[in-house]
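Chemist: Chains as they are written, first to last, in this note's numbering: chain U, 1 to 204; chain B, 1 to 242; chain W, 1 to 218.
These are computed hints drawn from the structure, not numbers from a lab. Yeah, the Cβ is synthetic: ideal placement off N, Cα and C, and Gly gets one too. Be careful, since some hints might not be right.
To be verified - Part of the chain U face toward chain W, derived, beta carbon under 10 Å: (1) Glu-56; (2) Thr-60; (3) Gly-61; (4) Glu-64; (5) Thr-82; (6) Asn-84; (7) Phe-92; (8) Ala-156; (9) Arg-160; (10) Arg-195.
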Amino acid sequence: MELQVKNLAVARGGVPVLEGLSFSLTAGRALVLRGPNGSGKTTLLRTIAGLQPALEGDITGAGERIAYAAHADGLKTALTVTENLTFWAQVFGNTDISQALAGFDLLGLAERPAGSLSAGQKRRLGLARLMVTGRPVWVLDEPTVSLDAASVALFAEAVRGHLATGGSALMATHIDLGLDEADVFDVAPYRAVPRVSAVDEAFL
Amino acid sequence: MSIWEYANPVKFIRTTDRLMPYLAVGAVICLVSGLVWGFFFTPDDYRQGSTVKIIYLHVPAALMAINAWIMMLVASLVWIVRRHHVSALAARAAAPVGAVMTVIALATGAIWGQPMWGTWWVWDPRLTSFLILFLFYLGYIALWEAIEDDDTAADLTSILCLVGSVFAILSRYAVLFWNQGLHQGASLSLDKEEHVADVYSNPLYVSIAGFVLLFIALVFLRTQTEIRARRARALIARERLT
Amino acid sequence: MIALLTRDLRLAVRAGGGFGLGLAFFLIVTVLVPLGVGPETALLSKIAPGILWIGALLACLLSLDRIFALDFEDGSIDLLATAPLPMEGIVTVKALAHWLTTGLPLVLAAPALGVLLSLPQGGYFWVVVSLAVGTPALSVIGTFGAALTVGLKRGGLLMSLLVLPLYVPTLVFGAEVARRGGEGLTVQTPLLMLAGISFGAVALLPFASAAVLRINLR
């Protein structure tokens, strides 16, 4: 089972931003999306995660197989690191969070309230959430924001571990993760031709 | 030839433009003749005197206040099921008209109630229901105004309209239960017993016809305005592209 | 789902969670009314059931915007939407958590506040019963209102405007049960209507709330 995107067009606020996208992501592979700010990477990832409808085209192998992580980590500042992670594990029907804590070097912080963490530590906790979902396809939007070099290495290691167990990862990022095996997909050539939306067309 | 063709904004404007003069003239004729006939050529009631004649404003406005909401409900359902933009815009256009009709019904009721019941306002079930209906209109209009994206606003207000309709009916029964009320029975009904006399009801029918035509004309006009506003935004969007 | 419920309850009782705010508001309203209308026992005892209901309703309203706003700000709602929970389940759990943290304390506090308003002797039982039956409807209807306004900045005032008309039938029947109970009249009809509204709202409104929330996340 692979994630397949065929002739996809996505819109932000009713305006098409990317169109004619086709790619596939097989198990054990990582795909890095590149493109300038505002080119529609976030919109594309939200569409693949099922948070907004596609304008055109098909997405197969997504839906219940996706673990999505965006700019906001969805952390509750009043809960401890363990409580935050346990909650997400339970939502996805899992119980074991020790691997995720260890993978992102959070063991020492386990009992701290999430509100007292630094931005980078919060980010690590947000990424550790991916490991407790048990979902095969990680969809990541700028996963390395506010991470230092050591944490980026931890993250790359986690992705590698995920790929080794038959998972896959689709991410939008600007920095070099040190993931040499990852394929790169540049969205810049797929920028949607400026046009009036079909709905507006009817009003002209 | 299907009715859904009129869901095309351009076709809607063209068709309603053709109908508008007839509607407007019809509304004026019916309103003027109904109201003049009603106000000057009907006898005073033996108990209520000339105050009874306010029914020529009060009853049609109250009818339209309810019918406008029903029309919005139908238009909302059409939008949810078939996603025709004209339908959503028509619902939006009807709301303020319905709200004004509600205010007219409440105000004329108060003006009539002062000499008759000795008070401007009582918490009678009918009056209370209309006041609550007015609150529903306000909420609906406010939600439309608050949301920027047209389609999102149409979706949300449609669902609010559906849910609101159920609760409006519940409220109607709730206030009926809560207070039995002073208000007389229906002015017009198939049951001749509680019907007003023919000498009063004939001009009332004309006046109601006038209000219906006026309502249709206003909704057409306001829908056209909404369509043109939407069109202006589409044109600006296209202008930016080139 | 249970995980979501326990998380919401835990968040409510932790520092800054706002648990007890509704209760405090309820207390303040009941204290302010006698200050406004005068200390006459006969008058207070007559209006006590209505005041308790209005106070409970406003206390409920006050806490509604917390239902989704915080989860929306920190991105939890997006993540929950991609989780294997049906949206209908999420909104139901949210409403349940709101009822447990706001509605239930109000029900339990009502008799104590009834003393302040010299509620008639027979009224205590029926005030508690009517609130216990009616507050779930307030929470579920409120969740719908909160879902409608979730993405809006300063949506609080708009939400009150949307939710309060929807509260009318619940308020009328609830206060009627409490009033009739206090006067020793039969309460069967309004109580059945109140229960009907509560059950109907709990059964059907989550579908509307879920639909609205999905639209707002787009």
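Chemist: Each hint: holds or not?
Modeler: So, going through the hints one by one against the coordinates:
About 16 Å separates the beta-carbon of U:Glu-56 from the nearest beta-carbon of chain W, more than 10 Å, and the hint is not met. With a least beta-carbon distance of about 17 Å to chain W, the hint placing U:Thr-60 at the interface is violated under the 10 Å criterion. For the restraint placing U:Gly-61 at the interface with chain W, the shortest Cβ-Cβ distance is roughly 15 Å, beyond the 10 Å limit, so the hint is violated. Of the supplied interface hints, the one on U:Glu-64 holds, with its beta-carbon coming within about 6 Å of a beta-carbon of chain W, less than 10 Å.
The criterion of a C-beta within 10 Å of any C-beta in chain W is not met by U:Thr-82, whose closest approach is roughly 12 Å, and the hint is violated. The beta carbon of U:Asn-84 comes within 9 Å of a beta carbon in chain W, closer than 10 Å, and the hint placing it at the interface holds. Annotation: interface hint on U:Phe-92 holds; nearest CB of chain W at approximately 6 Å, less than 10 Å. The beta carbon of U:Ala-156 comes no nearer than 23 Å to any beta carbon in chain W, farther than 10 Å, and the hint placing it at the interface is violated.
Below 10 Å, beta-carbon pairs count as interface contacts, and U:Arg-160 has none with chain W, the closest being about 23 Å; its hint is therefore violated. The closest approach between the C-beta of U:Arg-195 and any C-beta of chain W is roughly 20 Å, which is over the 10 Å cut-off, so the hint fails.
Of the numbered hints stated above, those contradicted by the structure are hints 1, 2, 3, 5, 8, 9, 10, listed in ascending order.
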